[in-house]
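Enquirer: The primary structure of each chain is shown beneath.
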Amino acid sequence: MSSSLGNKKNNLEKINSLANRARKKGADIVIFPELCLTGYNMRDRSYELAETIPGPSVKIIEKISKETNTHIIFGMPEVSNKAKATIFNTAVIVSPKGYLGKYRKMYLPTHSVFEEKRYFRPGYQANVFNTEFGKIGLSICYDIYFPEIYRLLRLKGAEILVCISASPTIRKNYFKILSTARALENTAFLAYVNLVGLDKNLQFSGGSRFVSPSGDIIAEAKEHEEELIICEFDVNDIKPLEAFIPVWKDLRPELFHQLIQLSEEF
Amino acid sequence: MKLTPAVLEINLSEVEDRIKRFIKGYVEINGFKGIVIGLSGGVDSSTIAALSCKAIGSKKVTGLILPEEETYNNIDIDDAKIVANQLKIKVEIHDLSECLSSFYKNIPLFDNRDKVTKGNIKARMRMIYLYYYANRFNKLVCGSSDKSETMIGYFTKWGDGGADILPIMDLYKTQVRRLAIHLGIPKKLALKPSSPNLWINQSAEKELDMKYEILDLVLYGLEHMMTVEEVSSNLDITKSLVLKIKKRILSSEHKRRMPLTTKIGFRTIGSDFRI
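Taken in sequence, the protein lines are chains D and U.
For the first sequence, our numbering assigns the number 1 to the initial residue and increments by one for each residue that follows.
For the second sequence, our numbering assigns the number 1001 to the initial residue and increments by one for each residue that follows.
Certain hints may be false.
Away from chain U, derived, C-beta distances all over 12 Å, residues of chain D [to be verified]:
#1 Ser2
#2 Met42
#3 Arg43
#4 Pro96
#5 Tyr99
#6 Glu132
#7 Ala181
#8 Lys200
#9 Cys231
#10 Leu255
Part of the chain U face toward chain D, derived, beta carbon under 10 Å [as the list claims (entries may be wrong)]:
#11 Glu1014
#12 Asp1017
#13 Arg1018
#14 Arg1021
#15 Phe1022
#16 Lys1024
#17 Gly1025
#18 Tyr1026
#19 Glu1028
#20 Ile1029
#21 Phe1032
#22 Arg1267
#23 Asp1272
#24 Arg1274
#25 Ile1275
Hint data in this document are derived by calculation from the structure and do not stem from the laboratory.
Beta carbons are placed, not taken as given, at the ideal position from N, Cα and C, and that holds for glycine.
With the hints as constraints, model all of the structure from the sequences given.
Expert: What follows is the structure in structure tokens.
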């Protein structure tokens, strides 16, 4: 999906249209990209465009979710309930019964063309949500460079790892590698859903994909085009793969203590 | 890292696609009716013209050939016409001489001997023409600055640097040449020496005292955070030459940004007022 920068009305209409189309094709879960509600490059407009969660846009998504009987995951800028100019880059999950929860992006890229730390406060929790289709763990974009988040999500029970993204074309190959790697090393399904289109000088490449717990690409969208892709999965398929690739059986917790110590010593 | 021509290799098809998407997207998102380009007969403007035509169709691209008497060059004009014909774009030729002459006569303290300031008038006059056409017909001005020139400030502030988009600004000159050939621009034109043509016999490489094949590697090395010493020893050229290029990059910083002000308000345009 491409987003109109700053135009929430248009973007919500698009989400509605796509969710309806997805439902007609049999989808139960519909996933939209990072900051799709507003577009990515809002800069100072982040303050005016961010909303509380729940808030007006989440209410609209709840309505869409109920009407289409789908779970919806999407990205938006969130303003804190406690501080008026403290904002987060957030992924929200909504079910037909209402708002389920959110995840605030933990790793905020502030290098090259990115300046997220300038605007957003990082999140501090990896969140997993129970649904009838399986347990869903949320992450956003740059998070995918950090395997520890996905370990954490998996250890919290996630069976489907979701990474919503606004990743520019120049980095598309990294995301191809990392989305496969995170799925495989955690023996979990991974849905990577990326923005597409031009946002000032940034080109987002699309190329969303759904990866199996053994690292196979189950479905993949075209690059540089808006596209709706649908695929099926069954979390019960994880069991034989866990036996075949027993990373959990072989996990070494004591290494994490060393990781903590050595990463602090940088 | 070894600074060899291999480091400047690019996937020409992918780069072409990326730039076309950028041009098309920018024109569409901003509701412009098309593009205006200054066609000099050089590789940069020819490349831009080709990319623009592929992005939005030649009917939406207007080329202006803007010679003036002092630097009039039939070869360049013919080359510009060849490109325009090849790409099937509408082209107009407007001789700037009368405008310029009037300008020179009416500026107090005009000094004909100062070729740089006089040359800048020419570049800015071209910008005025391009913007007039763009404003009249709701088109955008597509500039043709490349990365080599932009990094070292080899352009006229608000002259050829004045444009709405600069689609090849992230490509070095030698990369633009390869892209031009890939796009079907005649090889002879793609490889001919570059000149801003602000005075007679002006040559970029003579002024810089370096061929673009070397300059681009120096710039690439500095772009990739190599030290002056590392670039110098890598390319087997003197440190002073590399330092001269680095100093040009630093001293031309003002050309690549908004004019400065001093911070007084809550959010200041050009620094922390970011929309």
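Enquirer: May I ask you to check that Arg43 (chain D) keeps its beta-carbon over 12 Å from the closest beta-carbon of chain U?
Expert: violated, 4 Å
Enquirer: Does the claim that Met42 (chain D) lies off the interface hold, with its Cβ farther than 12 Å from every Cβ of chain U?
Expert: Given a closest Cβ separation of 9 Å, the condition is violated.
Enquirer: Go through the hint on Ile1029 (chain U) and say holds or violated, using the shortest Cβ distance to chain D against 10 Å.
Expert: holds, 6 Å
Enquirer: Quick check on Phe1032 (chain U) please, does its C-beta sit within 10 Å of some C-beta on chain D?
Expert: Violated - the Cβ of Phe1032 (chain U) stays beyond 10 Å from chain D, reaching only about 14 Å at its closest.
Enquirer: Does the claim that Tyr99 (chain D) lies outside the interface with chain U hold up, using a Cβ gap greater than 12 Å?
Expert: holds, 31 Å
Enquirer: Taking the closest Cβ pair, is Lys1024 (chain U) under 10 Å from chain D?
Expert: holds, 8 Å
Enquirer: Let me know if the C-beta of Ile1275 (chain U) comes in closer than 10 Å to any C-beta of chain D, holds or violated.
Expert: Nearest chain D Cβ about 5 Å off; hint holds.
Enquirer: Take a quick look at Ala181 (chain D) and tell me if its Cβ sits farther than 12 Å from every Cβ on chain U, holds or violated.
Expert: holds, 24 Å
Enquirer: Is the shortest C-beta separation between Glu1028 (chain U) and chain D less than 10 Å?
Expert: Holds: closest Cβ of chain D sits about 9 Å from Glu1028 (chain U), inside 10 Å.
Enquirer: When you look at the beta carbon of Lys200 (chain D), is every beta carbon of chain U farther off than 12 Å?
Expert: violated, 9 Å
Enquirer: Hey, does the Asp1272 (chain U) contact hint survive, CB to chain D under 10 Å?
Expert: holds, 8 Å
Enquirer: Was the hint right that Arg1018 (chain U) lines chain D, CB cutoff 10 Å?
Expert: Where the cut-off is 10 Å and the nearest Cβ of chain D is about 6 Å from Arg1018 (chain U), the hint holds.
The structure fails to meet hints 1, 2, 3, 8, 21 from the earlier list, while all remaining hints are met.
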